[in-house]
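Asker: What follows is each chain in one-letter form.
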Amino acid sequence: MASPQTTQRLLRELKEYAASPNDALLHLGPVTDNDLLDWEAVLKGVKDSPYEGGLWALRIRIPETYPLTPPSIRFTTRICHPNIHFETGEICLTLLTSEHWSPVYTLSTTLTAVQQLLTDPRPDSPLNLDVANLLRNGDVAGWESLVRYFTMEERWNMN
Amino acid sequence: MDPSFDLPDSTDWLNTPLSLLAPLESSLRCQVCKDFFNNPVITSCSHTFCSLCIRRCLSKEGKCPACRTSDQELKLRRNWAVQEFVEAFTNARPGVLDLAKKAARGDVGLEQPASKKRKVEHGEDRESDSVGADGVRTRSRSRRLDPQPETGIVEAVEDSQDEDFIPEDGLVACPICNKRMKNEAVFRHLDACTGSASPNKSRNLGPLQVSQTSRSPGNNTTEKPPGRLPTLNYSILKEGVLRRKLRDLGIPDWGAKQLLQKRHTEWMNLWNANCDSKTPKSMKDLLRELDIWERTQGGHAAAASAFAPPSVMRKEFDKEAWSATHDDDFKRLIAKARKKSEEQVRTTIPKMEELPSESSKAAADGPVTNGDKPESPRLPSAFLGPAEVASNSAPSLGPSPNPEM
Numbered sequence: 007m008a009s010p011q012t013t014q015r016l017l018r019e020l021k022e023y024a025a026s027p028n029d030a031l032l033h034l035g036p037v038t039d040n041d042l043l044d045w046e047a048v049l050k051g052v053k054d055s056p057y058e059g060g061l062w063a064l065r066i067r068i069p070e071t072y073p074l075t076p077p078s079i080r081f082t083t084r085i086c087h088p089n090i091h092f093e094t095g096e097i098c099l100t101l102l103t104s105e106h107w108s109p110v111y112t113l114s115t116t117l118t119a120v121q122q123l124l125t126d127p128r129p130d131s132p133l134n135l136d137v138a139n140l141l142r143n144g145d146v147a148g149w150e151s152l153v154r155y156f157t158m159e160e161r162w163n164m165n
Numbered sequence: 036m037d038p039s040f041d042l043p044d045s046t047d048w049l050n051t052p053l054s055l056l057a058p059l060e061s062s063l064r065c066q067v068c069k070d071f072f073n074n075p076v077i078t079s080c081s082h083t084f085c086s087l088c089i090r091r092c093l094s095k096e097g098k099c100p101a102c103r104t105s106d107q108e109l110k111l112r113r114n115w116a117v118q119e120f121v122e123a124f125t126n127a128r129p130g131v132l133d134l135a136k137k138a139a140r141g142d143v144g145l146e147q148p149a150s151k152k153r154k155v156e157h158g159e160d161r162e163s164d165s166v167g168a169d170g171v172r173t174r175s176r177s178r179r180l181d182p183q184p185e186t187g188i189v190e191a192v193e194d195s196q197d198e199d200f201i202p203e204d205g206l207v208a209c210p211i212c213n214k215r216m217k218n219e220a221v222f223r224h225l226d227a228c229t230g231s232a233s234p235n236k237s238r239n240l241g242p243l244q245v246s247q248t249s250r251s252p253g254n255n256t257t258e259k260p261p262g263r264l265p266t267l268n269y270s271i272l273k274e275g276v277l278r279r280k281l282r283d284l285g286i287p288d289w290g291a292k293q294l295l296q297k298r299h300t301e302w303m304n305l306w307n308a309n310c311d312s313k314t315p316k317s318m319k320d321l322l323r324e325l326d327i328w329e330r331t332q333g334g335h336a337a338a339a340s341a342f343a344p345p346s347v348m349r350k351e352f353d354k355e356a357w358s359a360t361h362d363d364d365f366k367r368l369i370a371k372a373r374k375k376s377e378e379q380v381r382t383t384i385p386k387m388e389e390l391p392s393e394s395s396k397a398a399a400d401g402p403v404t405n406g407d408k409p410e411s412p413r414l415p416s417a418f419l420g421p422a423e424v425a426s427n428s429a430p431s432l433g434p435s436p437n438p439e440m
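Just so you know, the sequences run in chain order A and B.
No gaps in the numbering here: position 112 of the first sequence is 118 in my numbering, and each next residue is one more.
No gaps in the numbering here: position 162 of the second sequence is 197 in my numbering, and each next residue is one more.
Simulated from the structure, these hints should not be mistaken for lab results.
A hint or two may mislead.
Partner residues are not named here, just some residues of chain A that face chain B (Cβ under 10 Å, in silico) [said to hold, decoys possible]: (1) Gln11; (2) Ala24; (3) Lys50; (4) Thr75; (5) Glu105; (6) His106.
Footprint (simulated), chain B over chain A, 3 or more residues, beta carbon under 8 Å [to be verified]: (7) 76-88; (8) 122-132.
Positions of the beta carbon are idealized from the N, C-alpha and C atoms, including for glycine.
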């Protein structure tokens with residue numbers, strides 16, 4: 007059970023997203039009406055990047071102490087990125103750790119940060135070693151074509 | 036309908052002619068809870084939050100949520116200007132929003148009877164003012180509203196000023212029901228007004244006036260604030276000492292040290308935030324808030340099962356609810372236990388097969404129980420049919436322990 011503060015804040019975020027959607031997202035909201043602590047989102051790929059045209063589903067688990075503690079977000083659609091685990095979808099992003107999280111971030115802004123991570127990979131703290139190695143060895147062309155392949159191959163669709 | 040749509044927020048202004056009020060409203064809301072600032076305080080880095088929100092953040096992180104600068108709750112200072120701003124805005128909000136929504140639908144009362152025309156124009160003035168230059172709005176608003184707070188004190192002044200704005204009939208409208216009456220009669224009427232009559236322009240006047248009058252008390256509150264609770268260094272406090280402190284504060288003192296610590300922090304935040312309030316809540320209300328915390332994030336929270344045992348011991352413990360919410364857990368634990376003991380049975384079997392002259396499962400159990408493991412006697416009876424045990428145990432029990440010993 008979430009505290010009244012958490013519930014209210016989440017409802018406000020939901021309403022705010024409905025009124026002013028985020029360009030980075032196709033969808034953001036609770037998975038079911040019964041659990042306000044379990045959200046899903048669909049992220050769009052950034053234009054003019056190898057991720058362009060991509061769509062990825064994400065699952066967002068919100069702690070009872072939100073917004074004092076960060077939500078845990080992971081990709082449920084496979085994505086080819088040095089800082090995202092290919093199988094588990096785990097994301098290596100500092101603002102998702104409790105020491106770098108701030109209650110000022112919302113789910114919507116946090117997902118914008120996830121989108122920014124796509125265009126700003128950090129191969130030095132990789133969760134996908136193979137992709138990170140391509141980048142570290144300077145094989146940008148190889149990296150881009152791999153990303154393009156998986157972006158289209160794994161692209162999320164309604165079903 | 037989705038409950039979120041009943042929740043007022045800054046996006047309510049979008050899609051109205053007053054959409055520029057959306058950023059104004061969001062700047063009057065706390066970035067942590069997204070609600071209007073409640074007892075706003077300012078940090079050393081000049082960011083403003085609700086007193087309770089920033090206290091909770093600081094006790095968890097020690098940093099300002101907006102800029103991540105280190106700060107201490109001791110350095111928080113009340114921000115009266117913001118508080119008054121919020122009060123004034125929230126008072127005016129329903130009326131203004133109502134008008135804005137009507138305008139968005141295109142049915143602002145332009146087609147009103149001639150006698151009210153003058154007032155309608157005022158209404159329009161206000162609306163366009165709000166969208167347009169700030170100076171104009173402020174002046175026109177204050178000019179019309181200034182008389183209000185003073186009315187109780189200097190009636191003569193009010194009369195003379197009112198003449199500028201009030202229609203020719205020399206009457207004034209009740210700010211609630213819009214009924215026109217003599218100026219002297221308004222205050223007597225207000226006491227009895229049900230506000231049911233024509234909800235036109237005057238509804239917008241109402242809140243605005245209220246906001247003006249409610250301003251003054253804010254400036255006057257200089258009463259001594261109730262004593263604040265100091266932060267404790269939990270690491271140097273023994274559990275018993277901490278427990279006594281909680282008892283002395285009049286809050287629940289059950290649970291392990293970690294929970295006592297969390298509860299004390301929450302209480303300190305609630306208490307000290309209440310000290311920042313213009314209208315402090317009673318101890319009873321604070322205790323109720325602590326109880327909500329207890330149920331959602333404290334010792335009664337489902338997630339914090341580490342603290343469960345003490346709560347089970349409490350008198351008012353709700354057995355039904357507990358078994359309902361933990362039914363799945365119980366079932367899972369039982370299933371786990373079953374699986375584990377089945378595995379144990381299985382692991383014991385190979386051992387038995389090493390023994391001479393033992394091939395049947397049931398027969399194998401007998402010797403192990405007696406010879407090897409002291410905890411296994413319960414296993415055979417639980418996981419083997421009683422008939423099997425009975426039929427096979429008799430012959431096997433006798434001879435096999437001996438070779439092993």
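Asker: Hint by hint, say whether it matches the structure.
Answerer: Against the structure, the hints:
1. The beta carbon of A/Gln11 comes within 6 Å of a beta carbon in chain B, closer than 10 Å, and the hint placing it at the interface holds.
2. With 10 Å as the threshold, the beta carbon of A/Ala24 comes within range of chain B, its nearest partner Cβ sitting at about 8 Å, so the hint holds.
3. The beta carbon of A/Lys50 is not positioned within 10 Å of any beta carbon in chain B (closest approach about 22 Å), and the interface hint is therefore violated.
4. Because the beta carbon of A/Thr75 sits about 8 Å from the nearest beta carbon in chain B, less than 10 Å, this interface hint is met.
5. A hinted interface residue such as A/Glu105 counts as satisfied when its beta carbon comes closer than 10 Å to some beta carbon of chain B; here the least separation is about 8 Å, so the hint holds.
6. Against a cut-off of 10 Å between C-beta atoms, the interface hint on A/His106 holds, since the closest Cβ of chain B lies about 8 Å away.
7. Check result for the region 76-88 of chain A against chain B: violated, 0 residues qualifying (beta carbon to beta carbon below 8 Å, three or more required).
8. With 0 residues having a beta carbon nearer than 8 Å to a beta carbon of chain B, the region 122-132 of chain A misses the requirement of three or more and the stated coverage is violated.
Hint compliance for this structure: hints 3, 7 and 8 are not met, and every other hint is.
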